[in-house]
Amino acid sequence: MADRCGSPEVIVRLFGVLREHAGADDVRVAIKEGDTVLDVLHAVLNRVPSLAGAIDPIDAGRSYAVAMDRTYVSPDTAVRAGSELAIVPPVSGG
Amino acid sequence: MSAAAVRELWSTDRTVFVRVGASACLHAELRSIVHDDGAGAIVTFEGVTRNVAALEYEAYVEMAAEQLQDIAQRALRETGALRAAIEHVVGTVPLGAPSVMILVSAAHRGPAFTAARRILDELKERAPIWKVEIDGATRTRVAGVVPEVDSA
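Those sequence lines, one after another, are chains S and E.
Everything in the first sequence is counted per the working numbering, starting at 1 for the first residue and increasing by one.
Everything in the second sequence is counted per the working numbering, starting at 1 for the first residue and increasing by one.
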């Protein structure tokens with residue numbers, strides 16, 4: 001998947017309290033070779049500053065989880081162009 | 001609310017069925033899905049809204065269905081239970097109404113109870129689903145659990 005300039009990008013879906021903070025269901029960010037989940041989180045914060053108080057990248061995996069292509073992954077996981085990421089705040093199903 | 005309103009999944013061996021989406025009151029269908037001629041026990045669990053006017057559920061529907069399928073398949077494998085069917089509702093669930101139904105069949109009651117309990121416990125820890133308590137004009141987001149990284 002690429003943006004209009006041909007750069008690879010990923011879509012990052014937002015849920016729960018994060019969706020409310022961002023006022024959006026998802027955000028697309030450009031990625032480059034070797035980028036990790038952590039890089040994507042920084043890019044998301046640059047695009048959506050209103051998430052700054054909610055997703056400190058240093059807390060990835062502790063105060064929220066990240067999924068890539070519907071699997072929970074660690075912050076150092078390499079991202080693939082065209083992937084669907086999701087920032088998952090604490091879950092409360094059932 | 002997620003645009004993908006409903007996700008239904010069958011495991012390839014047809015022993016696990018999962019539905020995540022708007023309420024469909026599927027209890028009779030779920031009951032027939034877990035029917036097995038070798039089953040001497042069927043456990044049904046319903047999680048229902050208590051104390052507040054309603055709970056409002058949001059889900060990452062596609063991922064929640066896949067996670068629940070994995071959870072249920074693992075529970076069957078580890079307990080020897082035969083079949084499982086799960087429905088989790090997305091949207092508003094009024095007081096007393098079910099948000100989640102888990103049915104498990106097994107040869108005997110032990111594995112059926114154990115598998116149903118395990119599915120519910122793991123659902124609460126891993127399924128990307130969120131709820132808000134609605135009481136009049138008050139909306140309270142329910143505290144939750146941060147899922148651990150999936151093992152490879």
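One thing to keep in mind: the hints can contain errors.
What the hints assert, rightly or not - Residues of chain E placed beyond 10 Å of chain S at every Cβ, according to the derived structure:
{"#": "1", "residue": "S11"}
{"#": "2", "residue": "A22"}
{"#": "3", "residue": "S23"}
{"#": "4", "residue": "Y60"}
{"#": "5", "residue": "G91"}
{"#": "6", "residue": "A127"}
{"#": "7", "residue": "W130"}
{"#": "8", "residue": "A137"}
{"#": "9", "residue": "G144"}
{"#": "10", "residue": "P147"}
What the hints assert, rightly or not - Partner residues are not named here, just some residues of chain E that face chain S (Cβ under 8 Å, in silico):
{"#": "11", "residue": "L26"}
{"#": "12", "residue": "E29"}
{"#": "13", "residue": "I42"}
{"#": "14", "residue": "V43"}
{"#": "15", "residue": "M63"}
{"#": "16", "residue": "R74"}
{"#": "17", "residue": "D150"}
What the hints contain is simulated information worked out from the structure, not anything from laboratory work.
Virtual Cβ for every residue (Gly too), placed ideally from N, Cα, C.
Going through the hints against the structure:
1. S11: For E:S11, whose nearest Cβ neighbour in chain S is about 16 Å away, the distance exceeds 10 Å, so it holds.
2. A22: holds, 15 Å
3. S23: Non-interface label on E:S23 holds, nearest chain S Cβ at 14 Å vs cutoff 10 Å.
4. Y60: violated, 6 Å
5. G91: The assertion about E:G91 holds, with a minimum of 13 Å to chain S.
6. A127: The assertion about E:A127 is violated, with a minimum of 5 Å to chain S.
7. W130: violated, 4 Å
8. A137: holds, 16 Å
9. G144: For E:G144, whose nearest Cβ neighbour in chain S is about 3 Å away, the distance does not exceed 10 Å, so it is violated.
10. P147: Answer for E:P147: violated, closest chain S Cβ roughly 5 Å.
11. L26: violated, 17 Å
12. E29: Hint on E:E29: violated, closest Cβ of chain S at ~20 Å, above 8 Å.
13. I42: This hint is violated: E:I42 lies away from chain S, its Cβ roughly 20 Å from the closest one there, beyond 8 Å.
14. V43: violated, 16 Å
15. M63: holds, 4 Å
16. R74: With a closest approach of 15 Å, the E:R74 hint is violated.
17. D150: E:D150 check passes; min Cβ-Cβ to chain S is 5 Å, inside 8 Å.
Of the numbered hints given earlier, the model fails hints 4, 6, 7, 9, 10, 11, 12, 13, 14, 16; all others are met.
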